[in-house]
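Undergrad: Residue-level listing of the chains:
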Amino acid sequence: MTISIDPQKTNNESLQPKGWLRYFSFSLDHKVIGIQYLVCGFLFYLIGGTLASAIRIELASPMSDFMPRDVYNQVLTLHGTIMIFLWIVPVVNGAFGNYLIPFYVGARDMAFPRLNAVAFWLIPPSGLMLVASYFVEGAAQAGWTAYPPLSITTPQSGQIIWILSVLLLGGSSIFGGINFIATIIKLRRPGLKLMQLPMYCWAMLGTSLLVVLSTPVLAGTLILLSFDIIANTGFFNPVLGGNVVVYQHLFWFYSHPAVYIMVLPAFGLVSEILPVHARKPLFGYTTMVFSIMGIVVLGLVVWAHHMFTSGTPPWMRLFFTIATAFIAVPTGIKFFNWVATLWGGKISINSAMLFSCGFIINFVFGGITGVALAQVPFDIHVHDTYFVVAHFHYIVYGGTVFIIFSSIYHWFPKVTGKMLNEKLGILHFIITFIGFNLCFAPQHWLGLNGMPRRVAEYDPQFQFVNQISSLGALLMAISTIPFLINVFLCVRNGKEAGDNPWNALTPEWLTSSPPPVENWEGEAPLVEEPYGYGKKFSAQK
Amino acid sequence: MTTLDSSKEIQKNNSEVHETHEDFRMFGLITFLIADGMTFAGFFAAYLTYKAVNPLPDGAIYELELPIPTLNTILLLVSSATFHKAGKALLKDKNSDSQKWLFFTAFLGIIFLICQLFEYFHLPFGLTDNLFASTFYALTGFHGLHVTLGTLMILIITWQSRINGGRITSQNMFPLEAVELYWHFVDGIWVILFIILYLL
Ligand code: HEM
Ligand SMILES: [Cu+2]
Chain A
132 MTISIDPQKT NNESLQPKGW LRYFSFSLDH KVIGIQYLVC GFLFYLIGGT LASAIRIELA
192 SPMSDFMPRD VYNQVLTLHG TIMIFLWIVP VVNGAFGNYL IPFYVGARDM AFPRLNAVAF
252 WLIPPSGLML VASYFVEGAA QAGWTAYPPL SITTPQSGQI IWILSVLLLG GSSIFGGINF
312 IATIIKLRRP GLKLMQLPMY CWAMLGTSLL VVLSTPVLAG TLILLSFDII ANTGFFNPVL
372 GGNVVVYQHL FWFYSHPAVY IMVLPAFGLV SEILPVHARK PLFGYTTMVF SIMGIVVLGL
432 VVWAHHMFTS GTPPWMRLFF TIATAFIAVP TGIKFFNWVA TLWGGKISIN SAMLFSCGFI
492 INFVFGGITG VALAQVPFDI HVHDTYFVVA HFHYIVYGGT VFIIFSSIYH WFPKVTGKML
552 NEKLGILHFI ITFIGFNLCF APQHWLGLNG MPRRVAEYDP QFQFVNQISS LGALLMAIST
612 IPFLINVFLC VRNGKEAGDN PWNALTPEWL TSSPPPVENW EGEAPLVEEP YGYGKKFSAQ
672 K
Chain B
508 MTTLDSSKEI QKNNSEVHET HEDFRMFGLI TFLIADGMTF AGFFAAYLTY KAVNPLPDGA
568 IYELELPIPT LNTILLLVSS ATFHKAGKAL LKDKNSDSQK WLFFTAFLGI IFLICQLFEY
628 FHLPFGLTDN LFASTFYALT GFHGLHVTLG TLMILIITWQ SRINGGRITS QNMFPLEAVE
688 LYWHFVDGIW VILFIILYLL
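Listed in order, the protein sequences are those of chains A and B.
The number in the working numbering is simply the position in the first sequence, starting from 1, with 131 added.
The number in the working numbering is simply the position in the second sequence, starting from 1, with 507 added.
Heads up, a few of these hints could be off.
Stated by the list, open to error - From chain B, some residues computed to sit far from chain A (all C-beta separations above 10 Å):
#1 548
#2 578
#3 581
#4 596
#5 618
#6 628
#7 638
#8 653
#9 698
#10 702
#11 705
Unchecked claim - Going by beta-carbon spacing under 8 Å, a handful of chain A positions derived as facing chain B:
#12 176
#13 180
#14 415
Since the hints were made in silico from the structure, they are not lab data.
Computed from a prediction, not measured in an experiment: that's the story for all the values here.
We put the beta carbon where it would ideally sit given N, CA and C, even for glycine.
Build the full structure now, drawing on both the sequences and the hints.
TA: Shown next, in the form of structure tokens:
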């Protein structure tokens, strides 16, 4: 049986608002939804970033003098939750996935446009709810992990709203995942083989598998947790015979894969960006694909490395150490492939390229500290110290956020038809890169020397290093200014970009900028080799 | 008009720019059910871990009675068969037969729920009595929620196949097939649940 997707009818143009107003409406166009994800995520990033600045201001001095201790915990919780569930996950998956995947598979929309819109529109209300939960009596203060018994025993109304909001966001990401899997597997244009897909499709396929397999487990866990809070059951409450370690297992069964849900799409995006600006084919396509799938499989079986200090038996420690160390293999393959892609290429130094290279450098650093953390004795030494904070910020900020910016610079001309200013872009990169490393590199030292995380007060001997870190955070906050100015100026009077300013070969560049409602006028272009630079490009031009 | 490389799956429509393609809503549903199954898997894993790691003191262990859940297992298995019958009948365009089978399936679902409630009221323990009690209610309750939703959906498609000369016909089987798959899934989960919770 066949059905027809008919965006003309469902997305009736005469009924849809025109111009930028359509980005505020319930649209079924995957491009509009993608931009909605991005803008919405960015607004939450500004909130989360403000909270981060508040945290760093507090930590610039050893005493808790900027805010009371419990407010610190609430701010910390809100910061972590917003950054993960409302900024990184929706943006690297929802925003770029929605914008690019239909182009990459040669389709005019996602497989389930309506489900797609529903997935997006779950986000703003649950995000606002999360932010609002700060203002109710007793905001959530158990961290983004909501570990019991802390989350059960602290004041509860905020925690309940927190749970509800995270449940809705989880639902949104499951719907998104289903849509991506169906689009990539089923909606490919005839004759487009899986092994011809651009790398970002593979990354999103892997990510969506992780989303579908692990997010429901988090949902179930949070439901049980809310029972503990509301109905006074004892699933995770030791006083009532429950077991907190069960919560940790279930939680990390989602949240370790969540790391890959945040970073695999970034891997895919960087694999799209590097070949274009180095004018070379992506090195080792097949190994890239297999390493993504390897990461998916291994990502699902290493969760307990977060629990080495929770009384895990020796066999568990051994297994999870080895499994975790193995992830370094596919990740290493990817790293060498990126470097090989750059090697000997005609590299253009522009903002997109700089952010991508910054990503590679930061990610190597975060990856190495990750392997170190998988070693039980070392982990026991630095557990719950700033070493861990430094490690995961190297991954989530140094990895994913760098790639988000890189992608914005890369695809902005496609989306708006205007070029961003390169000088401002490079300035943005320089401040971000310096600020980032200044902020998080010293935290490794803090952690190794025993400064615990999640506390507002610390031993005065750490003050100097903390102030350096806070200075870095200040720079990072400042770095958004050139970016915002850039976008503002560009929208007002940016240089016309033309359809394909980078001379790229992937399909989205073969339509007009910005693309028409159904992606192509007439026939969709057939791209057999998205990375045919060097070989094909000279023939084409 | 330009033509897409037209296979039998994707064709370009003559006048308008839109594409027709194979119906893969079923594929989406299967993906969703895998996700849903993972929720149950998490619950099962928690239950089994509690059983292994947090044994209850002797006096706190309840014997579960088997008759009602066994009856419920049979009810659900039979309902899977009757649902299958409904689909078969619709394929042969015997719409009223199909409606009867559907209705009977929904009826079995309702009986299941009544039996479950009956069981709940006669159990010697409540939700918060101890860890076992809580997990018991969480698992059976979450499954019962699925049965409730399933029953509602069956009633809706039964009704839809009656109005407007039948909105669900052999030409438009998807709603019926989707609910059927969901129903088999819920049955399958029940069998696993029955084994883990009542027999182990
Ligand atoms: C804008 C720059 C950022 C700064 C200056 C910053 C700073 C901080 C600081 C100081 C903490 C407290 C650490 C502790 O006491 O345990 C923290 C926690 C955290 N941050 Fe960030 N952060 C930034 C960006 C991000 C981003 C982009 C993410 C994205 C995922 C993120 C995720 C987290 C998480 C998950 C926590 C842990 C919260 C918790 O323990 O509940 N941060 N951050
Ligand atoms: Cu992990």
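Undergrad: For every hint, state whether the structure bears it out.
TA: Results for each hint:
At the 10 Å boundary, the C-beta of residue 548 of chain B falls inside the reach of chain A, the nearest C-beta of that chain being 7 Å off. Residue 578 of chain B, annotated as away from the interface, keeps every beta carbon of chain A farther than 10 Å; the closest lies near 27 Å. Remark: the non-interface label on residue 581 of chain B is consistent with the geometry, its nearest Cβ contact in chain A lying 28 Å away (cut-off 10 Å). The Cβ of residue 596 of chain B lies farther than 10 Å from every Cβ of chain A, with a closest approach of about 19 Å, so its non-interface assignment holds.
Distance check for residue 618 of chain B against chain A: the nearest CB is about 27 Å away, which clears 10 Å, and the non-interface claim stands. Under the 10 Å C-beta cut-off, the non-interface status given to residue 628 of chain B relative to chain A holds; the minimum distance is some 18 Å. The beta carbon of residue 638 of chain B sits about 4 Å from the closest Cβ of chain A, which is not more than 10 Å, so the claim that it is off the interface is violated. Non-interface status of residue 653 of chain B relative to chain A is upheld: no Cβ of that chain comes within 10 Å, the nearest being about 13 Å off.
In this structure residue 698 of chain B is separated from chain A by more than 10 Å, as the shortest Cβ-Cβ distance comes to about 19 Å. With a minimum CB-CB distance of about 19 Å to chain A, residue 702 of chain B clears the 10 Å threshold, and the non-interface call stands. For residue 705 of chain B, the non-interface assignment is confirmed: its Cβ lies about 20 Å from the closest Cβ of chain A, beyond the 10 Å cut-off. The interface hint given for residue 176 of chain A is broken, as the beta carbon of that residue sits about 27 Å from the closest beta carbon of chain B, more than 8 Å.
Evaluation of the residue 180 of chain A hint against chain B yields a violated restraint, the C-beta minimum of about 32 Å exceeding 8 Å. For residue 415 of chain A, the suggested interface contact is broken, since its CB lies about 29 Å from the closest CB of chain B, more than 8 Å.
When the structure is compared with the earlier hints, violations turn up for hints 1, 7, 12, 13, 14 and for no others.
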